[in-house]
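Participant: Going down the list, the protein sequences come from chains A and B.
Quick note: the first sequence uses numbering that gives the first Met the number 0, first residue 0, plus one each step.
Quick note: the second sequence uses numbering that gives the first Met the number 0, first residue 0, plus one each step.
These are computed hints drawn from the structure, not numbers from a lab.
Be careful, since some hints might not be right.
As the list claims (entries may be wrong) - Derived contacts from chain A toward chain B, CB cut-off under 8 Å, selection only: (1) G12; (2) L56; (3) L70.
What the hints assert, rightly or not - Label-pair restraints from in silico Cβ distances: (4) A250/B - A216/A: 52 to 62 Å; (5) A258/B - I284/A: 43 to 53 Å; (6) A50/B - L286/A: 54 to 64 Å; (7) A140/B - P96/A: 45 to 55 Å.
Stated by the list, open to error - According to the in silico footprint, chain B covers these stretches of chain A (three or more CB under 8 Å from chain B): (8) 14 to 20; (9) 276 to 284.
Even glycine gets a Cβ: it sits at the ideal position worked out from N, Cα and C.
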Amino acid sequence: MILHPGVLGLLIGSGLVVALMLAGAVIGVRVLSGWDPSSASEHQLALERRTYLVSVLVSVALWIEIGSALLFIHTVDDLHELFVGAMCATGSLNANPVGWWVLATKAAMVLLFPVWIALNRLDQRAGDYPVVRLKYALLLALTPIALADFVLQLRYFRGIEPDIITSCCGSLFSESSGKVTGDVVSLPAGLTFPTFAATSVIFLAALAWTLLSRHPASKIVVTFLSPLVLAVGLIAIVSFISVAYYELPTHHCPFDLFQAGNLYVGYPLVTSLVVAVVAAFLPGIFLPVARRTSLGGLITKSERTWLTLSIAAYSLFIAFAAWPLVFGNLAWELM
Amino acid sequence: MRRHLKILDFALASLQRRPFKNWAIIAVYAFTVAVVASVLFLTQSIRREAAQLFVGAPELTVQRMVGGRHVPIDIGVGETIAAFPSVVGVEPRFWGYTYDAVTESTITIMGAGPGMATIDLVEGRLPTRPTESAIGAGVAAMWGAEVGGEVILVDAATTGVLYEVVGTFESPSDILTNDLVVMTAEEAALFLGLPEGKATDLAVRVANDNEIDTIAAKVKRAFPDSRPITRSEVLRTYDAVFHWRSGMMLAVFSGGLIAFVILAWDKATGLSAEERREIGILKAVGWDTGDVLELKMWEGVVISSTSLILGLITAMVHVFVLGAPLLTPMLRGWSVLFPELHPTPHVDPYLLFAIGFLTVVPYVAATVAPSWKAAVTDPDEVVRG
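Chain B with its partners taken away, still in its complex shape:
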């Protein structure tokens, strides 16, 4: 044990003798770790946020399809579905989008319903009259509107309509409400130009989670032109999409990873005359090849652990403190009214393991052969120059 500690001590001293070379490697190594870790931390946070948001979502959403496109559905369909055993409620939902030419942004319009209860209002209340609305933080900031103020929106008939703001949404619900304007259900249907007796889709509440798939199958049988979407399907799709996106980003970054591995190989191979002399002297005074290999292994451990810690700290600051400003545009898609992302700090040990596999393993593999080459240096040859 003492022998190993002595070699570690020597390795640390040896690294300190060449600070510039080693800090250069650590800087590039830590940057590589930081990029990989940022991608994984951010996608994991988004997946977690999505999973938490969907806790309050309806178990089943039923849409009508015509020619492969989503079209308004008859509210009467809901009454038939409500009669299915285990269905505890069907609620027509009225929602859609409107483009605001002044701010060049797309705003989501939604009719107030019982589902709204899960979204917290920062102040005020939900609209109860046709002339009232509640708005998300992004819309409020864009229009400079607050409770008691007014917003003008362009409806389906391209007429500007004035709404009094009676409530604004809290920022923790940003991801849901940032670009949202809520009005009464009837007013939303009118604003969006939905025909009488039609809704955008139907939210179906099912009492027993085990029966969701059966209800979905029954809906499809009763209404062949419908598309029932279960909550778990949406969550699975989110998971798959964000796994794919993070993998895609890592694949794009693989060029950087290969460049890093080549750099590590090059630095490990290109021993200076001084380093070769040092190894030669060590072997001349009695170190054997195994000892020198252990010395090189300890150097690798010190460099890898320092870089890993620095890279992980950088990634945590980037994602959890700064909100991942460098990555979000690529990961979350395209829009004008983006919610501000405040990922909840959470690090899964599995992610740390995966990060290690994507960065440390290639580094170690790249430095094996150069370490051996250094370790088998013939003392006689080196000392004589």
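Excised from the complex, chain A in its bound form:
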């Protein structure tokens, strides 16, 4: 299965991400061991120059990883045609369950890399590198995830063969599947919809409050809310947004939203949710470092961008989620 063009692209992409991250990590170790901001030695100057290299390496790795996550979803969806019993990406992932772990590592990287990029941006702009040690410690924590992603992806693609009979989304996303997905599906829309609506209102209100007041407590609230919003958003997609798009009360598979038949609506839907959540996550977690004098002003300036971006992205997510509910043909009682 390795000789599929999409698979080759993914393996090349992940291989390069690992190479870039390892190069960054090696420099990171040197920086962590020899960093002395009070020194004006040649060694310190060389280390400061190398921080630029690391920032470019990781930025490129992030962009490749974002592209890789989208390409992975489309490739596993494209591969389903080769398996008996598969109808979308779910079937391809079930053909070798390691695929679900690949999806998890890709999600982890897409969610965590932007935090590093934001931290790095602040650090470089500050001029006196106030969070350089924290930044490189975080980089060393991210590198194993990139490595795991590459290894798992290789294992996944090596392990799937066209003669595997797999199970389709109809069995995984059904009430009787006996898995977490089955529990989510069995939640009635009468419960999940009000939860989603309430969470959305609270989240947007908290974002607006933070943007206007900049109160430290509001930043903490927004940061703690964001993982919850991500979870509720994903449950809403499985529970009723997908159903409304398919106009089929029994069909809950989120992966069909990424197919041409549904105008690839899954991509903007999930991307806007992820952008909103990641941007909202940042203000609160930077509170501990915001006290450092050189960073305070920079963080205040960046927060405005993050919060505005989060509000815009979440509004877009709500628009995509509400569209089929408002303009679709499926009666609400059937959801």
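Knowing the structure of chain A, use the given hints to seat chain B on it.
Facilitator: This is chain B only, laid out in the frame that chain A set:
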């Protein structure tokens, strides 16, 4: 925003100052994109053509196997299968190959049946008498025959048989009919030397698509020496084969891709004295390392997008206008009477994404370190020489 646009403007001016070096990179880069894109466009087109052709194919084909080989099947088996619920019809098919020593080509012989209705005739009709035949465009061109003319074919008993041409097939069905000669079912059985009461295989029509696999299992249970082949199996095999072939070609081409990446690395590393001086002056007048890195990034974006567009246009012309003359011999197998390929222009955004991943991503990764090296150049060191 204005700052970024100014840096982009500077990047464009900087690229124009070294036209030879940059056009050399773009030429190699665009060629790399064109090769990758041609392979992917062509395989996708063939897969699409195959999928469209199989829309009219029987849901199930039943063959008989002896010693692992495909042998003629009893027509009587069809009557038993026809009695299965959900089976709406079973049709014995008579087909095979004959080698024509004069033109050194293999011709496909087929008996006319109801399935033929899906193939369009350019002129004339299907044969109704044993002495008549309808021929594909390739056979017609080879023999110089047209409706009203004659063809001579060598049958199973190595006797030359004369057939009157009563119809020729349309070119859109080339992929099916190029090397085809159709005669009446009885005449085809006789010509191919099939024993009395035997057919090459049985085409089974199933009313409900969901029941195809069940019918196939029932056929296998009732006739253990049979091999039922479902339409979706054939399509899946085609998909797998063409994915594999395109991947194989890309793997063969990976040497070229690595050479391109090394070239990109080399060109990005080998800064001329003039370029180093330029960066040195920029830093002396106040640009910081981040600005120079952005300048290098914009240069990369301009080179990559120009090459990508040029490469994709080249690949589209090669595949969709010229019919991929450089790739078809490797992708479609071996034969004398090849159908002419006219792939329907269709570009999937997914393919563009995959092409980007196979070409742009390695280029960007290869130029990261050299860009940084250029960006951290010490102005003092460069300006003093």
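Participant: Run through the hints listed earlier and report the numbers of any the structure violates, in increasing order.
Facilitator: The structure breaks only hint 9.
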